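Spelled out from the first residue to the last, the chains are:
There are 4 protein chains.
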Amino acid sequence: MFAVAITLLAFDFTIHRTGYGTLAYQLTHDLWPSFLAYLVSFFMIGIIWVNHHVLIRQIAVVDRTLLFLNLGLLMFVVLIPFATSTVATYRLAGADARVSVAFYAAMFLGMSAGFGAIFEWTLHENRREQPLPAEAHWPARIRFVGGGVVYLLSIGVALLNAVAGFAVLALVAVYYIVERTPQAPAPAQDEAAGTAGNTTAE
Amino acid sequence: MFAVAITLLAFDFTIHRTGYGTLAYQLTHDLWPSFLAYLVSFFMIGIIWVNHHVLIRQIAVVDRTLLFLNLGLLMFVVLIPFATSTVATYRLAGADARVSVAFYAAMFLGMSAGFGAIFEWTLHENRREQPLPAEAHWPARIRFVGGGVVYLLSIGVALLNAVAGFAVLALVAVYYIVERTPQAPAPAQDEAAGTAGNTTAE
Amino acid sequence: MFAVAITLLAFDFTIHRTGYGTLAYQLTHDLWPSFLAYLVSFFMIGIIWVNHHVLIRQIAVVDRTLLFLNLGLLMFVVLIPFATSTVATYRLAGADARVSVAFYAAMFLGMSAGFGAIFEWTLHENRREQPLPAEAHWPARIRFVGGGVVYLLSIGVALLNAVAGFAVLALVAVYYIVERTPQAPAPAQDEAAGTAGNTTAE
Amino acid sequence: MFAVAITLLAFDFTIHRTGYGTLAYQLTHDLWPSFLAYLVSFFMIGIIWVNHHVLIRQIAVVDRTLLFLNLGLLMFVVLIPFATSTVATYRLAGADARVSVAFYAAMFLGMSAGFGAIFEWTLHENRREQPLPAEAHWPARIRFVGGGVVYLLSIGVALLNAVAGFAVLALVAVYYIVERTPQAPAPAQDEAAGTAGNTTAE
Chain W
1 MFAVAITLLA
11 FDFTIHRTGY
21 GTLAYQLTHD
31 LWPSFLAYLV
41 SFFMIGIIWV
51 NHHVLIRQIA
61 VVDRTLLFLN
71 LGLLMFVVLI
81 PFATSTVATY
91 RLAGADARVS
101 VAFYAAMFLG
111 MSAGFGAIFE
121 WTLHENRREQ
131 PLPAEAHWPA
141 RIRFVGGGVV
151 YLLSIGVALL
161 NAVAGFAVLA
171 LVAVYYIVER
181 TPQAPAPAQD
191 EAAGTAGNTT
201 AE
Chain R
1 MFAVAITLLA
11 FDFTIHRTGY
21 GTLAYQLTHD
31 LWPSFLAYLV
41 SFFMIGIIWV
51 NHHVLIRQIA
61 VVDRTLLFLN
71 LGLLMFVVLI
81 PFATSTVATY
91 RLAGADARVS
101 VAFYAAMFLG
111 MSAGFGAIFE
121 WTLHENRREQ
131 PLPAEAHWPA
141 RIRFVGGGVV
151 YLLSIGVALL
161 NAVAGFAVLA
171 LVAVYYIVER
181 TPQAPAPAQD
191 EAAGTAGNTT
201 AE
Chain S
1 MFAVAITLLA
11 FDFTIHRTGY
21 GTLAYQLTHD
31 LWPSFLAYLV
41 SFFMIGIIWV
51 NHHVLIRQIA
61 VVDRTLLFLN
71 LGLLMFVVLI
81 PFATSTVATY
91 RLAGADARVS
101 VAFYAAMFLG
111 MSAGFGAIFE
121 WTLHENRREQ
131 PLPAEAHWPA
141 RIRFVGGGVV
151 YLLSIGVALL
161 NAVAGFAVLA
171 LVAVYYIVER
181 TPQAPAPAQD
191 EAAGTAGNTT
201 AE
Chain E
1 MFAVAITLLA
11 FDFTIHRTGY
21 GTLAYQLTHD
31 LWPSFLAYLV
41 SFFMIGIIWV
51 NHHVLIRQIA
61 VVDRTLLFLN
71 LGLLMFVVLI
81 PFATSTVATY
91 RLAGADARVS
101 VAFYAAMFLG
111 MSAGFGAIFE
121 WTLHENRREQ
131 PLPAEAHWPA
141 RIRFVGGGVV
151 YLLSIGVALL
161 NAVAGFAVLA
171 LVAVYYIVER
181 TPQAPAPAQD
191 EAAGTAGNTT
201 AE
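Residue numbers (the numbering used here), protein chains in the order written: chain W, 1 to 202; chain R, 1 to 202; chain S, 1 to 202; chain E, 1 to 202.
By construction, these hints were calculated from the structure, which means they are not laboratory data. None of the values given here were measured: they were computed from a predicted structure. Possibly wrong hints are sitting among the right ones.
[What the hints assert, rightly or not] If you want the footprint, here are the derived chain W segments under chain E, 3+ residues with CB under 8 Å: (1) 42–51; (2) 163–171.
[As the list claims (entries may be wrong)] Pair ranges (Cβ atoms, derived): (3) S:L39 x R:Y175: 26 to 36 Å; (4) R:I177 x W:L39: 15 to 25 Å; (5) E:T28 x S:V178: 45 to 55 Å; (6) W:V174 x S:H137: 54 to 64 Å; (7) S:T22 x E:T28: 35 to 45 Å; (8) E:V178 x R:N126: 32 to 42 Å; (9) W:V145 x S:T22: 46 to 56 Å; (10) S:Y175 x E:E120: 19 to 29 Å.
For glycine and all other residues, C-beta sits at the position ideal for the given N, C-alpha and C.
I would like the entire structure built from these sequences, with the hints used as guidance.
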């Protein structure tokens, strides 16, 4: 599902043979908002995909509640190609562009909340193979709430200025890719535990 | 397959840069029938996906008959993005809208019948790892037939009134999400047995 | 991959809100060639999917040759949505329709040859977990060659009459679904051996 | 993901019922650039898919770095349907065609670099189940760098002559399919080790 959504992101790229200038012009002038939005969306979905993969491998118990929480997350993931295409359509300029970036940020807020709900579910009733120590629960939750606050902020910023709102989201993506230092408590443990398994990410 | 079908649901959303009003107007006025139909279809496919996943994990024997029954189910699942798009096109108003909702309900009837056929197949010849006790067969069957009657009813209601027919289907989706109480006999056993396995829903 | 191809088949269905008559008229008059071609393609891909699944489970050794033979098969599977759409476009009437059905049949011929090549590969060097007895090799091969001859024939028939050519292909699909009697030598053994495994067809 | 990208390649084929000549004419005159580009892209993605599959099965340790390296590879894989469609649009003739083939070659360069990064990652810290002997590291790296040089060259050639640039890429695809001789050091070992596992390529 992540795979399908991430592949469909690239569907927004279209080349026109006539009436839109040379290919070089189209690639560098017309398509840059699509490429930019593609890049941010690709890594945002990719980060959630990686985190989801690492989290799911830790889970010892699969029940219907987890499957429905997963559906809630995926409902937002599936909307991201549409939100990405909308941002690219309005090219970060004008009143509609402000709405488009706010809508785009709202999808990330939903995706983040959906992932947080699955994470919260794993903390209880021995649902993880190697339970997270209780003292690590609140730091992890605070990180999720912190992420949510940033997305809320980016909605507000986007409604004032589309470029600034989009820049906040791009910075969040860069932060999440760079951030995964071995010292970070919760992810590091997942990573250590994850070395026992063998998997393909296809 | 469920993943591909559920992702393609969101393909129906399109933003027009010019001639259709502001983005905010399009999102709130033009796209609401698409969003509404998306939501109902997303959870309908999601519920079947979850139930299919839980049922398949219980199966001890895979033969060609099961694979072909699966194909029968998937034939309807794959048509749901088209039926969803048709409902959104006619916006729940007028004679065509009544036909569109009836057609949409017919796809859910087919999906439900396809799932019921797989369920029936699992009841016989020790095809489940933990066979369902014989006294639970008829209550489970009655639930399936009951679901089928509701879909048939919704086809009839839709032909009289598109909004009412769609509302019946939306209520069915809400019912299936809320309904899975631990006391329900057949699903509860699946759920308990399912805790031994570990799986991702991607 | 089979899942993606089979889901994309339904992408050919489009409803026009204005200028094409009522929805009921479009569903019953305009879309029947699409529905018909969809049905045949769906079951043709489905049959190969089921057979491929049963065959792959029997394989003890995976090497690069097998992976490339798989690619060869998939090259034709991936073209079937396009060929299906082409058949639906020309609606089984006129000179173009004859070419469209011949092209469609050629894709099935390629798919069948690709599957036959994988099957042939499994016969040698203990590549199956339970090797097929030598005396069953030639009957199985003859069945494959027989299928190939029927597809060749359907290309010829299609070039004379589109409806007749399409009917031959539809009959092949029906035959393959009905045919899998327990007495059939090769598939029956696969089926018996297959009962040990547990798998999902998603 | 590879499966979705490879299936979407065929989406570029479109038949026009009127105004574009007969179907036979369209298939043989209008669509040949699409078919040609489809074939090359199909086998290029297929080769990376097979190699990726063989490499991943060798991996004993999965961590976040590997998952992000995978994302880097997939970012280019996902762009290949768009690059393929662009090449087909300009039909290998004119200034735009030269840019289109150079862009297409750049995607393969990115895909190759992404795969090389994953391969390099597997060489260190016992990340392979059967570590590659140290003396095989440099020959393998030289092969990757050699591949990269050929792609760089094809970008240069394409900017001078679209047909020649495309021919270089087609030859690379043919070379990779034919090349996998059992004597080749690194792949041969993967292949031998790979015979222990059983997998489907769906």
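### Task
Identify every previously stated hint that the structure contradicts and give their numbers, smallest first.
The structure breaks hints 2, 4, 5, 8, 10; every other hint is satisfied.
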